[in-house]
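> Top line first, the protein sequences correspond to chains A and B. The letter at position 66 of the first sequence is residue 66 when you use full-length UniProt numbering, and the numbering goes up by one with no holes. The letter at position 257 of the second sequence is residue 257 when you use full-length UniProt numbering, and the numbering goes up by one with no holes.
Treat the hints loosely; a few may be bogus.
[To be verified] Taking CB as the label site, the calculated pair distances span:
1) G373/B / D220/A: 47 to 57 Å
2) T65/B / R205/A: 24 to 34 Å
3) A444/B / D131/A: 52 to 62 Å
4) P241/B / G164/A: 37 to 47 Å
To be clear, the hints were calculated from the coordinates, so they are not data collected in a lab. Just so it is clear, CB atoms sit at the ideal spot from N, CA and C, and this is done for glycine as well.
In case you want the letters, here they are:
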Amino acid sequence: MIDLEPIARSDAPLARRNPVAKLAAALLFAIPLMATLDPVAPAIAIAVELAVLPLFGIHPRVLVRRAWPLLAAAGGVLVTLVLFAADRSGRVLLDAGPVLVTSGVLVTALGLVLRLFAVALPGVIVFATTDPTDLADALVQNARAPARFAIGALAAFRLVPLLGAEWQMIAMARRARGVEAGRNPLARLRLFASTAFTLLVGAIRRGTRLAVAMDARGFDSGVPRSFARRQHFGAADWLLVVGATALAGTALAISIMLGTFRPLIG
Amino acid sequence: MGGVRLRGFGWRHAGRRAWAVRGVDLRVERGERVLLLGPSGAGKSTLLAALAGLLPEDSGEHEGTIEIDGRPAGEARDGVGIVFQDPQTQLVMARSGDDVAFGLENRGVPAGLIWPRVDQALHRVGFPYHRDRPTAALSGGEQQRLALAGVLALRPGLLLLDEPTANLDPAGAALIRAALTRAVGDETTLILVEHRVADALPLVDRVVVLEPGGGVRADGAPEAIFAAHGDALAAEGVWVPGREIPPRRATGPAGEVLLTADRLGLPPRLAPTDLTVRAGETLAVLGRNGAGKSTLALLLGGLLKPGSGRLTASRDLAGKDTGTPPHRWRAPALAGRIGSVFQDPEHQFVTDTVRDELALGPRRAGAIEAAVGDRVEELLHRLRLARLAAANPYTLSGGEARRLSVATALATAPRLLICDEPTFGQDRRTWWELVDLFAELREAGHGLVTVTHDTEFVTALADRTLILGHPPAPTRGSGSAPAATADPAASTGGAPEQR
Numbered sequence: 001m002i003d004l005e006p007i008a009r010s011d012a013p014l015a016r017r018n019p020v021a022k023l024a025a026a027l028l029f030a031i032p033l034m035a036t037l038d039p040v041a042p043a044i045a046i047a048v049e050l051a052v053l054p055l056f057g058i059h060p061r062v063l064v065r066r067a068w069p070l071l072a073a074a075g076g077v078l079v080t081l082v083l084f085a086a087d088r089s090g091r092v093l094l095d096a097g098p099v100l101v102t103s104g105v106l107v108t109a110l111g112l113v114l115r116l117f118a119v120a121l122p123g124v125i126v127f128a129t130t131d132p133t134d135l136a137d138a139l140v141q142n143a144r145a146p147a148r149f150a151i152g153a154l155a156a157f158r159l160v161p162l163l164g165a166e167w168q169m170i171a172m173a174r175r176a177r178g179v180e181a182g183r184n185p186l187a188r189l190r191l192f193a194s195t196a197f198t199l200l201v202g203a204i205r206r207g208t209r210l211a212v213a214m215d216a217r218g219f220d221s222g223v224p225r226s227f228a229r230r231q232h233f234g235a236a237d238w239l240l241v242v243g244a245t246a247l248a249g250t251a252l253a254i255s256i257m258l259g260t261f262r263p264l265i266g
Numbered sequence: 001m002g003g004v005r006l007r008g009f010g011w012r013h014a015g016r017r018a019w020a021v022r023g024v025d026l027r028v029e030r031g032e033r034v035l036l037l038g039p040s041g042a043g044k045s046t047l048l049a050a051l052a053g054l055l056p057e058d059s060g061e062h063e064g065t066i067e068i069d070g071r072p073a074g075e076a077r078d079g080v081g082i083v084f085q086d087p088q089t090q091l092v093m094a095r096s097g098d099d100v101a102f103g104l105e106n107r108g109v110p111a112g113l114i115w116p117r118v119d120q121a122l123h124r125v126g127f128p129y130h131r132d133r134p135t136a137a138l139s140g141g142e143q144q145r146l147a148l149a150g151v152l153a154l155r156p157g158l159l160l161l162d163e164p165t166a167n168l169d170p171a172g173a174a175l176i177r178a179a180l181t182r183a184v185g186d187e188t189t190l191i192l193v194e195h196r197v198a199d200a201l202p203l204v205d206r207v208v209v210l211e212p213g214g215g216v217r218a219d220g221a222p223e224a225i226f227a228a229h230g231d232a233l234a235a236e237g238v239w240v241p242g243r244e245i246p247p248r249r250a251t252g253p254a255g256e257v258l259l260t261a262d263r264l265g266l267p268p269r270l271a272p273t274d275l276t277v278r279a280g281e282t283l284a285v286l287g288r289n290g291a292g293k294s295t296l297a298l299l300l301g302g303l304l305k306p307g308s309g310r311l312t313a314s315r316d317l318a319g320k321d322t323g324t325p326p327h328r329w330r331a332p333a334l335a336g337r338i339g340s341v342f343q344d345p346e347h348q349f350v351t352d353t354v355r356d357e358l359a360l361g362p363r364r365a366g367a368i369e370a371a372v373g374d375r376v377e378e379l380l381h382r383l384r385l386a387r388l389a390a391a392n393p394y395t396l397s398g399g400e401a402r403r404l405s406v407a408t409a410l411a412t413a414p415r416l417l418i419c420d421e422p423t424f425g426q427d428r429r430t431w432w433e434l435v436d437l438f439a440e441l442r443e444a445g446h447g448l449v450t451v452t453h454d455t456e457f458v459t460a461l462a463d464r465t466l467i468l469g470h471p472p473a474p475t476r477g478s479g480s481a482p483a484a485t486a487d488p489a490a491s492t493g494g495a496p497e498q499r
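The whole structure should be built from the sequences, with the hints applied where relevant.
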């Protein structure tokens, strides 16, 4: 399960920035990196990301714990490419029957893994330092997202942890009825589907009740909402967005200057 | 503010043949406190939803008029607040103060006025924490108090309460009633739907009884209503206060031991607990919300792996699985020995019709088809479900779904039945049917374990009680108290201890 609660010290200079600014900075930093297949630009990006960690108040150990699905994915990419890469040019490093590892294979694999980290880490950092309520507030106040969408999603989000407990409960209730799949894969699939259906029925009911309770408190009143918690988007926030864009551009420029730049298209 | 006027009001949900509520003429003056009564299906909740303006025009058909301060209810919503049963689905935000502020933001209250009003509302309901307290960390009673604060912050002239204490343990329910007494001012009109009438009476000065077929049957002061209509209402399943509940004692001594729990626990949900479950005996498990009662029921039912200690089934109960703990038995074998009835009946339904639902357990256990048919017919009649044999279990009313979930557990004739809050939210009639049924099962030598908050149920049926999560007593009389204590005096089958 990926944990979504903030984990950082909230008084760190960059963690305190407006959530929309952080989100925009993460996107503007990560998207340009997707344009290249070389390992240099993402490596620079990762260096930058690790360098700003203290400014976000995140301890590296905490980041590793939060980003472990990324590590697993990276391992998967490495193994897959080493075994199945089509391009086996370059110097032969290891020749063990069907497994042929060449320098070309390793460079491609390294590039992919670095890209994966470079693109995903900004998102991990933003969500690790952002309270969901603040994000919804900022989306409404600074990005003009419809409140019905942002606050509605926030409220629905609160019900998600209940689903796990509910699933366990339904599974136990089935066992009490004498229903179990045993080792038969088809029976397992059927049991899974029927448990999922029961879960869905319950989730829809609960969601409907929550929606009615929200409307009963005027969520659908049509009156322009006021904001109990102000989110400010100031000069420092602009600076973060511009800085992130500039850094991404710099990483690409260095890659081009070194001649390692390999465009994704063309 | 808060005057209510209904003239020939009726509502029929889209796709239904019967009117949920019809022909209601009613006038409630500002500041009155009204308890809305009626048998199950009389349309009490629908009427509250209509008053709250929560029945959209396209979701059904309506008749007559419903007005609040002279405006149609749909347009008068800014003056009406409603509190529902389930605290989980009423809280919107992650922090308590933000949740109270939510309604104020929706109404466009200027930012500078919001926080003073939030603090004032929290204070009025006696909310004990700072407004930054995470809503997820609150108990059910505290969450419901917060929901009440969220509604009161909007200063409604008309406050509607739809069974606000039904999901709470007795302590939580008492907190809500205290908060209501304290927080609702004289100028606020109150209309309350509440199952447990005796608990609601201190809050109201007028009772309105809805007639299931349509219209208002009776309207007046509580004493007058119950003097004139008490018997009829009780027969229809309403919990009329002051009615005797004759206890059903076991006629013989308890039989052999079926289950033995030895320091059985599951940290952090349940502290280590010792207990024995016997044939021909009813054991009631009591305790506050969060004391681990439901977890204990799941452990005893062989549905959860114990985190500590041991659960041993006797040779009588375990049959060929003697020596193996119940949580490792195969599901069909388990269903034939220990039946579990869950708090939410819908968790247990797996088929499309009531009849299939009852046939499922016996079929899984390998019974021949003729025997399955006989068993199903017997249970259909026994639990008044014959009329519904072809119905989809998800379409049943609360009482019907409860009866079906008990019937499905009985279908495999287990020696031991474990029920989690079986009487929860039931009307008086279903309640009595369950008590009668359990008494008969006990007579026939079945063992029964019930997790419950329902003190009447304990009084009527329990032979022995176990109280979980006893807080360490400040003045100790009897040595060091373990986390859970079985009442030793009652283990001989004597009078039950309440609370």
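> A separate judgement is required for each hint: does it hold in the structure or not?
Evaluation of the provided hints:
Taken as a hint, the range 47 to 57 Å holds for the pair G373/B and D220/A, whose Cβ atoms sit roughly 51 Å apart. Between T65/B and R205/A the C-beta distance comes to about 31 Å, which sits within the given range of 24 to 34 Å. Judged by the Cβ atoms, the range 52 to 62 Å given for A444/B and D131/A holds: they are separated by roughly 58 Å. Restraint check, P241/B to G164/A: a C-beta distance of roughly 41 Å satisfies the suggested window 37 to 47 Å.
Going down the numbered hints, you'll see the structure goes against none, and every one checks out.
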